[in-house]
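Take a look at the letters that make up each chain.
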Amino acid sequence: MKKALRLFGILLSLSLGGWCAPAAPSDAAAPAKAEPTLEQRVADLEAYINNGPRNADAPESKVTSKISGPGPAHNGWMMTSAALVLFMTLPGLALFYGGLVRRKNALSVLAQCLGIAGLVSILWWLVGYSLVFSAGNAVFGSAGTFAFLKGVNSNPNTNYSYWVSQNVFSMYQLMFAIITPALIMGAIAERMKYSAILVFVTGWMFLVYFPMAHMVWGVDGLMNGVWNANASIKAIDFAGGTVVHMSSGWSALILCLLLGKRLGFPKEPMPPHSMALCMIGTGMLWVGWYGFNAGSAVAADGIAANAFMTTTLAAATASFVWAMAEYVLKGKPSILGFCSGAVAGLVVVTPAAGFVDSSGAILIGLAAGLIPFMACYKLKGWLGYDDSLDTFGVHAVGGTIGAFLTGLLATSSVNPNLDLNLKGVVGHILWLEQLKAIGVTLLFAIVGTTILGFLIRVLIGLRVSEDVETIGLDLVEHGEEAYHD
Amino acid sequence: MKKALRLFGILLSLSLGGWCAPAAPSDAAAPAKAEPTLEQRVADLEAYINNGPRNADAPESKVTSKISGPGPAHNGWMMTSAALVLFMTLPGLALFYGGLVRRKNALSVLAQCLGIAGLVSILWWLVGYSLVFSAGNAVFGSAGTFAFLKGVNSNPNTNYSYWVSQNVFSMYQLMFAIITPALIMGAIAERMKYSAILVFVTGWMFLVYFPMAHMVWGVDGLMNGVWNANASIKAIDFAGGTVVHMSSGWSALILCLLLGKRLGFPKEPMPPHSMALCMIGTGMLWVGWYGFNAGSAVAADGIAANAFMTTTLAAATASFVWAMAEYVLKGKPSILGFCSGAVAGLVVVTPAAGFVDSSGAILIGLAAGLIPFMACYKLKGWLGYDDSLDTFGVHAVGGTIGAFLTGLLATSSVNPNLDLNLKGVVGHILWLEQLKAIGVTLLFAIVGTTILGFLIRVLIGLRVSEDVETIGLDLVEHGEEAYHD
Amino acid sequence: MKKALRLFGILLSLSLGGWCAPAAPSDAAAPAKAEPTLEQRVADLEAYINNGPRNADAPESKVTSKISGPGPAHNGWMMTSAALVLFMTLPGLALFYGGLVRRKNALSVLAQCLGIAGLVSILWWLVGYSLVFSAGNAVFGSAGTFAFLKGVNSNPNTNYSYWVSQNVFSMYQLMFAIITPALIMGAIAERMKYSAILVFVTGWMFLVYFPMAHMVWGVDGLMNGVWNANASIKAIDFAGGTVVHMSSGWSALILCLLLGKRLGFPKEPMPPHSMALCMIGTGMLWVGWYGFNAGSAVAADGIAANAFMTTTLAAATASFVWAMAEYVLKGKPSILGFCSGAVAGLVVVTPAAGFVDSSGAILIGLAAGLIPFMACYKLKGWLGYDDSLDTFGVHAVGGTIGAFLTGLLATSSVNPNLDLNLKGVVGHILWLEQLKAIGVTLLFAIVGTTILGFLIRVLIGLRVSEDVETIGLDLVEHGEEAYHD
Amino acid sequence: MKKIEAIVKPFKLEEVKDALAEVGIEGMTVSEVKGFGRQKGHTEIYRGSEYTVDFLPKIKIEIVLSDSRLETAIAAILKAAKTGKIGDGKVFVYPVQEAIRIRTGEKGEQAI
Amino acid sequence: MKKIEAIVKPFKLEEVKDALAEVGIEGMTVSEVKGFGRQKGHTEIYRGSEYTVDFLPKIKIEIVLSDSRLETAIAAILKAAKTGKIGDGKVFVYPVQEAIRIRTGEKGEQAI
Amino acid sequence: MKKIEAIVKPFKLEEVKDALAEVGIEGMTVSEVKGFGRQKGHTEIYRGSEYTVDFLPKIKIEIVLSDSRLETAIAAILKAAKTGKIGDGKVFVYPVQEAIRIRTGEKGEQAI
Ligand SMILES: Nc1ncnc2c1ncn2[C@@H]1O[C@H](COP(=O)(O)OP(=O)(O)O)[C@@H](O)[C@H]1O
Ligand SMILES: Nc1ncnc2c1ncn2[C@@H]1O[C@H](COP(=O)(O)OP(=O)(O)O)[C@@H](O)[C@H]1O
Ligand SMILES: Nc1ncnc2c1ncn2[C@@H]1O[C@H](COP(=O)(O)OP(=O)(O)O)[C@@H](O)[C@H]1O
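Residue numbers (our numbering), protein chains in the order written: chain A, 1 to 485; chain B, 1 to 485; chain C, 1 to 485; chain D, 1 to 112; chain E, 1 to 112; chain F, 1 to 112.
Hints may contain errors.
As the list claims (entries may be wrong) - Simulated crosslink set (DSSO-like; lysine-lysine; CA at most 27 Å straight-line):
#1 107/E with 17/D
#2 3/E with 3/F
#3 261/B with 82/D
FYI, nobody ran anything at the bench for these hints, they're computed from the structure.
Produce the complete structure using the sequences and hints provided.
Dropping the structure here:
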């Protein structure tokens, strides 16, 4: 407990410190460098194929490179991946969630996804990218380095990739920053005020997402076990099990508790108004997730290839297992079961995708098909909270399982980068480090959301009036109806 | 005025001339060329990475290349981009527009998009690609050079790309030729005869689209400021602000004026029959637009990367700004507002995407969120035309703003190609050249559409009967209903 | 007849043999190899661009390669393609079929597509990939070589590609294995038991799909004319005309005959419950098909580029021709006509995509727009079977035409690989070889499906009860409704 | 009290509503129905399967009113709903025994 | 004049329509309704939340006709709509005071 | 026999159904309708075009019952459907001449 408090203190001071961190030194006038030799030029070309550093990228290197810009294949794949991740939110998640609510609230879900896309993009341009991906301290990057995406041009930022344009990398990461708060919307659907949502998301990005993302992926991040040799917590998270799914899932739980149940829940039936839309959304999420997971290699290399395979196997297995569990237990495999299972599989494999092999992926698929299934079928009933669309059951439970299983199943035979800074850790005590990362994530998500939620409740209120909830959010908050016959 | 008339005369004679232009000389038997040296081979490989010319591509070059075919990364990205641009129309635009009409006309919109896809593809294969992308005069390419896509194989056409297969390039450009007339359908929805639409589109491609595309992108085009050193108008248009959005938007205005208002407009309520479909379409348009804008670099290079970033920022900003403007003015941020803003942002950034930086993109997003918003909310009411789905308000207004802003915001720090032929122009009088291009575009769109529209009205009639309009186009013109409960 | 029987005997014994085939010898300890010279390194890089073999890939090669892993552009394109092919099923085909059934059965179609995706993925991981793509005999690969995807990592399997990771290749091929049985669902929609479907698909993969795929694409496959010098039947099939469309289409016919007509067919009207969903599905199928066809080059090379072009031209032409045929014959071009034509065009061009030129594609589009059109409009009426959604009319008829036309139109000017083993065949007697391949395909599809169908009918029954059929499969078999107002 | 049930063409709803409002009728209940009568349906073709759709979309307007207003209300409907083409629809009149306003419990003519 | 209101199972609509046509009834108005009665509903489960759906889809057919044809019409409906299983539905008969054809203004039995 | 036609707010359906069940009413037919009355509609704006939507969603519940149960049934509905706010809806009562159960052919009070 004491230790936890101390950690919290450190994190707090680091968080605040981030804002005042000095801007990274600008590229100082470098001494003239030599042209590369023919052999060096060939080696640079090979580096492109192998996603390695150019000769010029070595610290203290004395040569230039003839191919110092982005590498087309890696750039092309990352543009494709970024588009795929946007597709996951617009319209993927919007449909997955929008189909599950009642007809009178269908548009409100779309407005949440669209509004978050716009708002978070502006925050990201302003300072978000800089807070996450510039060097700073263990919790925050520096606010100034890349503010207004200054200096973020088509050249690679070799802290993150030798061959992908930094502007593409920044947009790719933006898509993650968009979908994460959008996931929370599932828990608070059908009753939260739109103004409160916009304020909440703004605060949540600064209190939870930006620090989480920096800690896990920032070059000097606290839990960036793979790339930061000085990481205090030697954890790994390939594509965002902690940053995206756990942070959103646990925040979702807190927020839906603060908000209270929907009028009539659980007595009044609230069946999905369109399972068809929900299934379309699921298909789009699955397809888009290839950008999310395989794109997280930040290259079209063998690690991406492995992530592509594990993502497929985990999603397919979990989808089938969830529905077959229903078949056995209830006699009816449901479409929502297949869809939930697929999403759960994708969630659980997210932190593991580039670190585990095909058998690991199948195991993950099994766990993802059974454990979140139980969480949605049993836990929710027992505990009685109203997590409208099971963000907690799928993303928090799934994300947490995923983070833990990654600790058990990761292997450097699949991803040689695990040998850089984690030689004695992977295969030994990695699971312990993962537990620490889970703890920090819980801390940020729960504390951040609680503070924000209470604040907003006091200041402007979290919830629409009973009348509005009865009529539906679409008509009252957005002045539109989803369908006119 | 006199000058305008003279220009018109020149354009006319050039247009007609195009048809009789001699076919390009076929590759004459070239003298035997030498094998490349090792250094040249390495330079060729580097050229691939940098999207530059091979040694063999230089005029009068005396060597061959070991990699004379397409470059896989550029080819792969362009295939992805072409698929994304098709996705914008089928089903993107079909849903965006289809959701906004009344239920009884939903299918007619889909039939228009599908019919245009088929019809334009056949015209493109026949002669369209040749008229646009072969060398000819300043307004038209030669009809014969690539008729029936003859000679358009997997080798690059180095006039347009060193590394992308010409067949892929031709299909990529086909997708633009499909979506442009499809955009017009928004203005004339719910009342135009299907036969008249097919005839109109056929004529419009020859009178407006093919010359516009050649003038802007053709190797010897009148307004191809970036690549044609002899361009009379030194204007720039990255991905089609004039060719696609202005030409369709202004034609849409003329056509909806010729057609007249829908029965009952504006008294009878005509709300969108499915905002859900409209939002799905918007998401697809946004995702597909990455193919449209970043693909317009015709390579997976740094220019594409920049276009990817500016597209994202402009779309997200405009979407948020439009809806927030509604929030402030009407109290309700609407889903249609978010969607319209996103599309407007994408439209306005289209000509600028590969030429402006991130701050430019944010400015463009702001303008796109406010000006087309005003056009749709106020202008339409004042002027009283019935542009059913606001093709004019979004594409004509947005396209025109975009063309102009590109003139102000373009910078060669983002796109070094601007230094090739536009050294003294960019940053100085480019905005003036952009105004000239706007003028020529207006001329073609307005004159072409007026002539065609009148002709068709006289010959076969533009509009369905009142009875058909009342019952709905789906049942009468296509013999189907969109939904059966 | 005798010959056919003998062939059948051989096939049978080969099929059974496959299961006991010895595992491929593991990579034996190779003698130490030399480092490549600079020239060899450059040649390797060029090989990457040209999608050719590295020096190290030559049999008996004595050098290693500095770029022995996957090539990023080819890998990136294949990941994109695999995602696109998944998109064809989830949600593409699910919507295309789901929109065409009655509202009460809409979800059952989605459950079929989702269930098949899960089930087939697990089978594929278990043994399917191994049975298809490991070396074995002419009909089956060996079950053991790649069981559990053992050894299928990010390195290329040079039997199939020099530059694409085998795990990506295996996932790409999985997507084909998923969509093929899903296509069959069109014929048996609205009446087949879910349990029977799962059992049928499991059996069908082993009896029909795995052997078909091995015969056509396996390194030592019976009908792999392009790559297997020892192929008994020197046929070609670029992306699966026989394996995917014919096998599913003919199996569909058999299964719907065994199953019987829907209650009330053809008297009771059974119009599509949502042509809008059907059209969305069509758009997704078309876009996804680029992954299917251009991806079948297993590289982002010139052959892929050609396939991209032919796919576009055939789909667009067939779509337009089908609807125009309706326009002429019935007075109304229908949305379902445009959609059916597009799918038919894509089906027919599938085996030909990488082998024919643009004129060939237009011819194919014409045939695809007219012949399946007649099959659906006339044949079905005459013969009176109830192929609910025309899987036979489109996929069997279209696939068969495509296989045959490929024989007539293939040309090595488009695809130099045709000169490897088919020098005297292409342009001469290829059509005869194609007929043989058609025969073998019919044999497998018809015999396999008949046996399986009868067996399942006896053991657990194929069909739901009349009551269930009347109420609808969604409610009774899956416990859900597609829409709640 | 009486109940008028008017079956009209869908696009006539707004006009009928306005015409009723002019004669002081301010309460009504409307539903979407399908009508079958002399007006012919249409044919839909889906890949060769032809379906004759006999039922046409109509709107049913129900109004409960006092006997005294019956004639003016009917006249207003007849005028507004008429196009003169087949399928214009019908007006039916039924006896009503009681009407109650749920909000207040008022009964009879007070309630409507 | 009378009005028949028949609540039937949805898939019986075509048969009832045909049976009525056979006895010369050529006008009717049909709507989709939900019925509640002895026939039990079903349960739907969405991720662990079970909903009992008590209301079942039914079709309501309304026919206004002359007293003289009432009996034959009822007989035709009863015959066509019957499956013998619970939930087959009901036939209700109401008095009608007046009927008017909007197109022509014809009244009474002329109008139906 | 009588028929009750109750127009209520949609979210009151479950409560009314339960209240009726408590007084022993176990058969009813329900449909979605749009109501027009004193309760004001709302405005929707689509890109600058404002539409006033006058018709509000309501539920119509139809119950045929014996005269003896009429009063209890009405009382149950009034109690369950009331919110006290404008737009709560109406209860109308009509005479019924006959009722027949299709399944058995039973008539009159037996049938309901
Ligand atoms: N006998 C009837 N009972 C109930 N509704 C009827 C009857 N006859 C006609 N209708 C309704 O009136 C509508 C119009 O009737 P129709 O015979 O088509 O034309 P018209 O009203 O011009 O005579 C029908 O669609 C149906 O809804
Ligand atoms: N008292 C009633 N008033 C109105 N409609 C009724 C009544 N009783 C039954 N219905 C309608 O008749 C349908 C069938 O009734 P039900 O009791 O289920 O079976 P059955 O008709 O075989 O007795 C119900 O779904 C409902 O629509
Ligand atoms: N005269 C009428 N005839 C038929 N339905 C009516 C009548 N008056 C009102 N209604 C129905 O009752 C509903 C409620 O009426 P309204 O005047 O809005 O409020 P209240 O019931 O509180 O007086 C209306 O929406 C409409 O469906």
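Taking the hints in turn, this is what the structure says about them:
1. Of the pairs offered as hints, the one joining residue 107/E and residue 17/D holds, with about 22 Å between alpha carbons and a cut-off of 27 Å not exceeded.
2. Between residue 3/E and residue 3/F, the direct Cα distance comes to roughly 13 Å. Compliance with the 27 Å bound is thereby established for this hinted pair.
3. With a C-alpha separation of about 24 Å, the suggested pairing of residue 261/B with residue 82/D holds against the 27 Å cut-off.
In summary, this structure violates none of the numbered hints.
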